[in-house]
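The chain contents come next:
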Amino acid sequence: MTDLVTLTIDDRQVSVPKGTLVVDAAAKLGIEIPVFCSHPKLDPVACCRMCLVEISGPRGMMLQTACSVPVAQDMVVKTDTQQVKEVQEANLAFILLNHPLDCPICDKGGECPLQDQTMQFGPGLSQLVEPKRMKNKNYLISDTIVLDQERCVVCWRCIRYLEEWEDKPQLALFERGGKTIIDIQDGQPVDAKTSGNIIDMCPVGALTNRVARFSYRPWEIERTPSICTQCSMGCNLRMDTRTHKLRRVIGRENMDVNDQWICDKGRFANAWVNDEGRLTMPLVRKNGELTPAPWGEALALVAEKLQAIKQQHGADAIGGIGSAKLANESNYLLQRFMRQLIGTNNVDHRDGGDVAALPTGLPALADVMKPQYGPDPKHDVIMLVGIDPSEELPVLDLHLKRAVRRGKAKLVIVHPRQIELTRYDGPFLQANPGTETTLVNGLLRAVTDAKEETKSEAHKLTSGASDRQVDHLCGVKSAELRKAADVLAGAQNPLIIYGPMVARGQFGAALRQALTNMALYLGKPENLAYVGLEANSQGVRDMGVLPDRLPGQAALDDTMASELLGKLWSCSLPVHPGKSYKQMLDGAGDTVKALYVMGANPASERPAWADKLDKLDFLVVQELFLTETAAQADVVLPAVSWAEQDGTFTNLERRVQRAPKALGNPQSKAAPDWMILDHLASFFDAQWGHANAQAVTAEITKAAPNYAEMLWDALGDQGLQWSTVDNSYLLPEATYARAEQPDVPATEGSLALIGGTVLYDGGNLFALTTRMKDMSFGAMVHLNPADGETLGVDDGAEVTVRSDHGALKLAVKLDATVKPGAAWIPESLPGAPVGALLNGSAVTTVTIEK
Amino acid sequence: MMLSEPTRTEIKKWMDLYPAGRQRSAILPSLYVIQREFGYCPVDAQNELAAMLDLEPAEVGAVVDFYHMLHTEPKGEYHVEVCTNVPCMLRGAGQCMHAFEEKLGIHHGETSADDKYSLDHMECLGSCGTAPMVSVTERSSGQIRYFEELDSAEDVAKVLDLVNSGKAFHTLERWTPEGDPKLSGKAAGPYRIGGMEERFLTARVDKPDSHKIDTYIADGGYEDAKRVLTTMKPEEVVEQVKASGIRGRGGAGFPTGMKWGFLAPAMPRYLVVNADESEPGTFKDRIIMEYDPHQLIEGIILSAFAIKAEIAFIYIRGEYYFGYTRLVEAVKEATKKGFLGEKIFGTDTNLRIVVHRGAGAYECGEETALLSSLEGYRGHPRMKPPFPAVEGLYAKPTIVNNVESIANVTHVMRHGVEWYRTFGTEKSPGMRIFCLSGNVKYPGLYELPHATPLSDLLNKYGGGPQSDEHPFKAIVPGGLSMKMLTADQLDTPLDYEAVQAAGSLLGSAGVIAIDASQSMVKVARRTLSFYREESCGKCTPCREGTGWLEDILIRMEEGGGRVKDIDLLARITTFIAGKSFCPFGEASVWGLQSNLAKYRAEFEQYIALTNPENDLPVIPIRPIYRPDSGKPSVATDSSFDIAGESPLNRDTPVQALGD
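If you read the protein sequences in the order shown, they are chains A and B.
Take the first sequence: its position 705, counted from the start at 1, is 705 in the working numbering, and no numbers get skipped.
Take the second sequence: its position 236, counted from the start at 1, is 236 in the working numbering, and no numbers get skipped.
For reference, chain A alone in the conformation it holds in the complex (with noise of 0.2 angstroms):
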């Protein structure tokens, strides 16, 4: 309960809890006080004096600013007096007088504070006869921002949201007095991953929008409420179309998510979905061609050939590739149809049954907040195995660092790379790649030393792990284990994420038994999370889109759930597991004969792989372009994109979320993924009958136990959190057991290869947000300056990386945040799929060749 303070504004009583400002307490009242630095997440600076009120105090009434003055007991505040209008009045002017007032031009005419403030508080005449003062107009502060310093009105939001979210201090006040100005430094162009959220806190048309600039006018466009597809993290965020067309994307507040933050990929990389190149037919195989056909012609051919190739190899020769980018309804219809119509669990999707997940993802994102105005985090510690939001869920990466700054959290990080939120000096543990097992378990055998309880389970289970054996083959000194041994000891709610990198193959298992014994030793098996990257990582999952899991993560054998579903699709379930994405792929033209490929690109992953689909005999891809896989399908069925169809989405912490259809493309055959899964149905003789989405999503919520409460219209537009109390049976079983490390490639004389996702990569989508272009990173590997110097190669030096699975020609960047002995290639690169030195492998070595 928090005190209450009771003042009056304008004569009429309030409550408000103490702390509370009173440009926030008039508003309860539904008085607005005109602002412009002051910000409902940014500390106060009092800058503008657009809000000075009458206050009382010890000296009788006086000007104050409302918005850096607390509320107190039987204040006084006058909000409506002459005095008060003349100040607005006279604020207005000093603000408009060199104000170029060149809306018109200006992107933010129509949903402009200063001019609504103009209108409302203004004096409505200029006294100014003097030339207004010149300052740079049309400047980049970086490859997505557009300043105009006439029209700042030097508020500082955009200087503090830096500050006080990024802690990247890029934009600051340049020259003084009536010069001063926003600006980078001369050629530090702003490259923080959340900068764009200044544009959406501009109060003024100071800062716009590069890649939406000039392409709408506020009062023409449709808004939609949506969510970002980009990441798992489920970011809210709105989407503003016309004609056909998406306009541009700004954030929208969700306090359980986002706070009301996104990064500059979900706000600026969205050029693809007007793309040109976007598939708008059905294609056909002819002649060796791919031919434009009807949807008729494509769904009966693709029915017909899976029917013929089911009867001639056995439904198990047929494979369903789901995609964790697309949306719950998607992937639900994907796997009842392999199921029910194939009769196969051959139906997965890319890091699904091949990485060591855990079901329910994190306890809950706002946990790990600290909104301006609320309480610290819940998590005291926050560690972070194999995983760097700062590149691959920057927002969690926000939240992370203000949780550290104002929440007084504590980071403990496992990376081969010196990754960005090491600056907080937090133990930094920086594990050789594929040791993380053995690090783990030495670190936990350093925490019962630091708890003195070497009689305990966990110690013996750790007996191997000594710091000698660490320092030997993770490369973590001792001082450094310690260290984090006694951060996390002393953890009151510590937190516990892991990512895909090394979640993957056997390493994978190994480690997350590692870290369960961890987690059940610190008393907090529930704060285990495993976070997958893409937009419904959580949600494919649930889906069953896994070859040993029904809807609802159901397993195989769970009589109850299996019985639910025949009853529900009408048919007998499948029993025996099916294979695996690596297994389908690895299998392609061998047991697999024929896949059915959604919102997937295995060809571009690993050569072999595409050589692979070659020999399949039939290949059907759902795409929204025309991929490196579907260049090589029998049957491309055009999709469209999260912003064109109706669907629900699963964030990193079970957030159902809603992503309605914002626009549509008229000229366009290409159709919703769950509408072209329903089709084809119809030539299996089903009747599906799903009148368009939110059909699908009622179905979900009696297919999967945990999704009974997500229908369409409860879900909202802020979501629903799936719960693990009523959902028990989805918790993992957290019991103590032996983690053995497998073996290291030894790395004599070669260097251990990381991976990891980046934001900014050389995926197809990204690439053709042309404005962001100089921005992602090129194909390159990342060397230790230090090994660059024993190789005998520089910056810019083209060299060919080779494992035993194949070989790369790339380009070295020395980069001192990679571990010595380790190359960085990050996935996705524009020609360089890291995966052709991997060939499935979770971990390997690679040579470096001049």
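No false leads were slipped in.
With a straight-line Cα cutoff of 20 angstroms, these simulated SDA-like cross-link-like pairs (lysine to any residue) come out:
#, chain 1, residue 1, chain 2, residue 2
1, B, Lys522, B, His98
2, A, Lys179, B, Leu70
3, B, Lys564, A, Leu125
4, B, Lys75, B, Glu110
Just a sample of chain A residues kept apart from chain B, beta carbon distances all over 12 angstroms, derived:
#, residue
5, Gly475
6, Ser570
7, Leu768
8, Ser776
9, Gly835
Hints were generated in silico from the structure; no laboratory data involved.
As the structure is a prediction and not an experimental result, all values here were calculated from the model.
C-beta atoms are modelled at their ideal positions from N, C-alpha and C, and glycine is treated no differently.
Position chain B against the provided structure of chain A, taking the given hints into account.
Coordinates of chain B only, in the frame set by chain A:
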């Protein structure tokens, strides 16, 4: 790598000077080091400094841009800056500037072709008693020397001869033509000092070697510090200072002892001495620091002991280079004697003094802005509360006191509270160093008790009006920020209460006399040019308002004034004073407000004379900004082509008038 190894080493030494984790404070001294190496602060060097201090490059760039003594482009080998602020203007700074322009063959704002000289206007440099004056900065060494009393073109020629001879920086002592007839580089010593029979604060300044510790000790110095530290408790010192009633000498007049009483109990605490004396018409602290620094250091020892601070910072304005070198030397001497450092005078008291140079920003005299600057940020004022006594430097309890206030502590502890209270009045006790400048015969520093009548200061000590033909017209009693008094208010006693009753404030006791020959329009214009230049830019009314006022006054001065501008000026000032973030708002307009109120007729006359038709100025046409579509226009009908040169036909900004 742009920074040389010695430069890096020197920067690291500066970083070590500040408490652990506060290395950002070293940003200004480091930039001085960089400027000495390159002659300016190149962006690459700034970025390297940012890396050393663990900052974003923009944070360093923002600081460089704020302080006008830090340059982003190289200046000439000798940077000549002519003070043209009001006290100098009244005594012919314009002539002085013209003399330099003619001699050097360049306009102000320019650098000579041989890269030897740069010439600029400058705001008050704190030599109002010897106006007009210039400061010359030697690029290669970063040293600054003042050349004062440049009343004629011959004096200017002598200065340039001395600089050309290469001997100008053999000493940093102030140079005057009278004191250096043979151009030997030998200085004339301190100011014209006067006042009451026995002086205290200024008793020693004109003695030989007054800045040396030996002479100070010979005069009984440091005995009181030793006595107090060995025999008294800190609380007792606070009580004495409270009882003495010393009021702050920086301008606001807040009782020093009461300020000390507000200190929050947290440790560590800091004492910060405000030596950023920048108020035009004020030049008293400079003399104490240059010629009697040990008096100040003894005061610091006493004050720091009283408030239990173990580090004291002296924030001295960057232009006071000579004072800075004297302070650094004095701190060294005192440390060597064991008066500073660990266990001083054999007690358990520790005290370290860090002398920190500002870099040219009037706003840094405001105590919270000073703290921002000392922490290594732009000199923006901070929100109060929390007050510095609760959360000041590095968010720790901090006392910020003016140099003269601290010097008063020395004398209170030496002679006692009762003695101190025999000077001045009940509410304004003690003596005061009055800085007399402008149109009087003998400008200078006069140490007098509070409540000395203004007429005594002007006539008895100042020798009356500079020229017998021109009687006094207006008097600014407390530094340029304060409201003017008229010639019929000369009987006002110079104490806080009486000056306030007369409609102004005693401020920093910088008394500027303006005689009947001066144009009040020009005084107003030059005053506002100063405040426009020095506004920090943080809050709207001050940032926009001061520039607007200056623009109108420039227009008026140049013959474009309208009668209604007088009311417009007055109206604008009411929305700056009391509405801005810090007291700079009031400071910037009080002078103008009183000027308009008391000399309105002169403004009306000026307008009637210069703009009888009440014409409006011709406003330049704004250029048209087109969004850059990257494609040529598709309008191909040549009949629409604009013939000839039109201001509408270009995409670059038209230069604004007067900018």
